[in-house]
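Protein chains: 2
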Amino acid sequence: MANVPAVRNERSRQAILDASISLIDEFGYDKLSIEAIARRACVGKQTIYRWWPSVGAVVLEAATQSLDPVVTFPDTGDFFADMRSQLVGIVKLITTTGFGAAYRGVMAAGQSDSGLLEAVYREVIEQNVTAFRARASVARERGEIRADTDVATLRDILYGVIEYRLLHGMSLEAAYIDALLAVAFDGAR
Amino acid sequence: MANVPAVRNERSRQAILDASISLIDEFGYDKLSIEAIARRACVGKQTIYRWWPSVGAVVLEAATQSLDPVVTFPDTGDFFADMRSQLVGIVKLITTTGFGAAYRGVMAAGQSDSGLLEAVYREVIEQNVTAFRARASVARERGEIRADTDVATLRDILYGVIEYRLLHGMSLEAAYIDALLAVAFDGAR
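If you're matching them up, the sequences are chains A and B in order. Going by full-length UniProt numbering, the first residue of the first sequence is number 1, and it counts up by one from there. Going by full-length UniProt numbering, the first residue of the second sequence is number 1, and it counts up by one from there.
So here's chain A without its partners, still in its complex pose (with noise of 0.2 Å):
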């Protein structure tokens, strides 16, 4: 056995995380082993099991790596506006880079993995609330939504549907963002 220092190496870590979302990429999440990944990215598969507990983990740790566009709001006065920018972001992510197809593989294997599933939310979910909710305070301070929005909710609306629409493989572009900001921002009666 190769002496593998305990503390992660740097260098490892990135070419595992690469080579998951490579493969996912290549042969779909339903393909991804530990035995995989360990080849591509040129390590032992116990450098990979002693730092991650399951393949979703690592393909999670992938996933979340760039996760900026989920949890940066920007501020230029108009929360209408940022919101666009920022969920337009968000949907540039899914569909430019491996990320859609890795979060369809982590919540496909959290349906039957409650860790993994808990992960996803203090990993991606939990941080996008936080910046959410101080991003819409100020809105709310500005008067730029009622008082008694449950932002929440309305949280849960605009990235629980960009995720569903995710999930079933349906269409997700800019024109959709602006169908789902009317609705959500001015509601229907």
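Keep in mind that the hints were calculated from the coordinates and are not lab data. All figures in this text were calculated on a predicted structure; none of them were measured in a lab. Check the hints yourself; a few may be wrong.
To be verified - Between beta-carbon pairs, the in silico distance windows are:
no.	chain 1	residue 1	chain 2	residue 2	range
1	B	Asp68	A	Glu35	18 to 28 Å
2	A	Ser137	B	Glu10	49 to 59 Å
3	B	Ala179	A	Asn9	39 to 49 Å
4	B	Ser22	A	Gly143	49 to 59 Å
Each residue gets a CB set at the ideal place from its N, CA and C atoms; glycine is no exception.
Knowing the structure of chain A, use the given hints to seat chain B on it.
Relative to chain A, chain B alone:
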């Protein structure tokens, strides 16, 4: 080999569907197999393979047996109140029957089986889209929702967010439906 008729035997069919739901309840979707369903339903594996292409297809048919709450839209003359009844009915279906666990399993399998995902669209979502559009159209004529409301997006919001919370294992209750309807109908600003 037993001489199995090509036409579906209704009693066997029901036994197979019931077996798949009870096995998911007991052991989880990821432990489900054609073999386990066959054993529980007291039928041969070939009987199942003759009628369904995969475990996911069996479970989708089991889940969609009780779709009445998803596709039946009351019309008491009050669209908002009727939507509340309909959505509370879906939450009840999810939380008190095997539908929730079965749907989660099918969506998990669908992330690496595009045929199954298309079947979910055809058997579940499209039915709901059609029935919702008809009910919303009456509401629009009566002036209960604005003429410029994007009805397809309104539907995505109401059902997509429920599915989002289901797949993340988040709580679903009638009070949440009230918060959801408040944003969707009255908007955040």
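Starting from the range 49 to 59 Å, see whether the pair serine 22 of chain B and glycine 143 of chain A falls in it by beta-carbon distance.
holds, 54 Å
Does the beta carbon distance between alanine 179 of chain B and asparagine 9 of chain A stay inside 39 to 49 Å, or does it fall outside?
holds, 47 Å
Do the Cβ positions of aspartate 68 of chain B and glutamate 35 of chain A conform to the proposed distance bound of 18 to 28 Å?
With a Cβ separation near 46 Å, aspartate 68 of chain B and glutamate 35 of chain A fall outside 18 to 28 Å, so the hint is violated.
Taking the beta carbons of serine 137 of chain A and glutamate 10 of chain B, is their distance inside 49 to 59 Å?
Check passed, 58 Å falls within 49 to 59 Å.
In summary, the structure is inconsistent with hint 1 from the numbered list given earlier, while agreeing with all the others.
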